[in-house]
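Participant: Residue numbers for the sequence shown follow full-length UniProt numbering, so the first one is 1 and each next one is one higher.
Be aware that a few hints might be false.
[Said to hold, decoys possible] Capping the alpha-carbon separation at 25 Å, the derived lysine-lysine pairs in DSS-like fashion look like this:
no., residue 1, residue 2
1, 5, 34
2, 51, 3
3, 38, 5
4, 34, 51
5, 38, 3
6, 5, 51
7, 51, 38
[Unchecked claim] Distance windows between CB atoms, simulated:
no., residue 1, residue 2, range
8, 1, 30, 27 to 33 Å
9, 31, 1, 17 to 23 Å
10, 2, 32, 15 to 21 Å
11, 33, 1, 33 to 39 Å
12, 48, 28, 24 to 30 Å
Worth flagging that the hints you see were computed from the coordinates, not collected in a lab. Since we're looking at a predicted model, the values are computed, not measured. For each residue, glycine too, the CB sits at the ideal point set by N, CA and C.
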Amino acid sequence: MAKWKVWVDREMCIGCGVCASICPDVFEMDDEGKSYAKIELIDENLYDCAKEAAESCPVSCINIEQIE
Numbered sequence: 001m002a003k004w005k006v007w008v009d010r011e012m013c014i015g016c017g018v019c020a021s022i023c024p025d026v027f028e029m030d031d032e033g034k035s036y037a038k039i040e041l042i043d044e045n046l047y048d049c050a051k052e053a054a055e056s057c058p059v060s061c062i063n064i065e066q067i068e
């Protein structure tokens with residue numbers, strides 16, 4: 001089963017919240033108004049959701065890397 005590592009470049013994040021609205025199972029906004037991946041390792045059940053969030057990010061600060 002494939003797995004992916006997901007992370008947000010917080011320096012680039014502008015806090016628009018689109019990722020958390022598209023994929024709340026993976027992304028959340030913190031107290032500083034920045035996004036973070038609350039689940040760092042995902043499988044194919046969450047991949048499409050996370051990929052859509054990454055593609056929708058206006059500053060392209062979401063990274064998804066296949067690890068298995």
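Participant: State for each hint whether it applies.
Facilitator: Going down the list of hints, with the structure as the test:
1. Restraint check for residue 5 and residue 34: satisfied, since their Cα atoms lie roughly 19 Å apart, inside the 25 Å limit.
2. For the hint linking residue 51 to residue 3, the alpha-carbon distance of about 13 Å falls within 25 Å, and the restraint holds.
3. A distance of roughly 11 Å separates the Cα atoms of residue 38 and residue 5; the hinted pair therefore holds under the 25 Å criterion.
4. Of the pairs offered as hints, the one joining residue 34 and residue 51 holds, with about 18 Å between alpha carbons and a cut-off of 25 Å not exceeded.
5. Our distance criterion of 25 Å between C-alpha atoms is met by residue 38 and residue 3, whose separation comes to about 15 Å.
6. With a CA separation close to 12 Å, the supplied pair residue 5 and residue 51 stays within the 25 Å bound.
7. Taking the CA atoms of residue 51 and residue 38, the gap is about 15 Å. The hint holds against a cut of 25 Å.
8. Distance hint for residue 1 and residue 30: a CB-CB separation of about 29 Å, consistent with the stated range 27 to 33 Å.
9. For residue 31 and residue 1, the Cβ-Cβ distance of about 34 Å falls outside the hinted range of 17 to 23 Å, so the restraint is violated.
10. Range check, residue 2 to residue 32: Cβ separation about 32 Å, and the 15 to 21 Å hint is violated.
11. Take residue 33 and residue 1: their Cβ atoms lie about 34 Å apart, and the range 33 to 39 Å holds.
12. Checked against the given bound of 24 to 30 Å, the beta carbons of residue 48 and residue 28, roughly 18 Å apart, lie outside it.
The structure is inconsistent with the numbered hints 9, 10, 12, although it conforms to all the rest.
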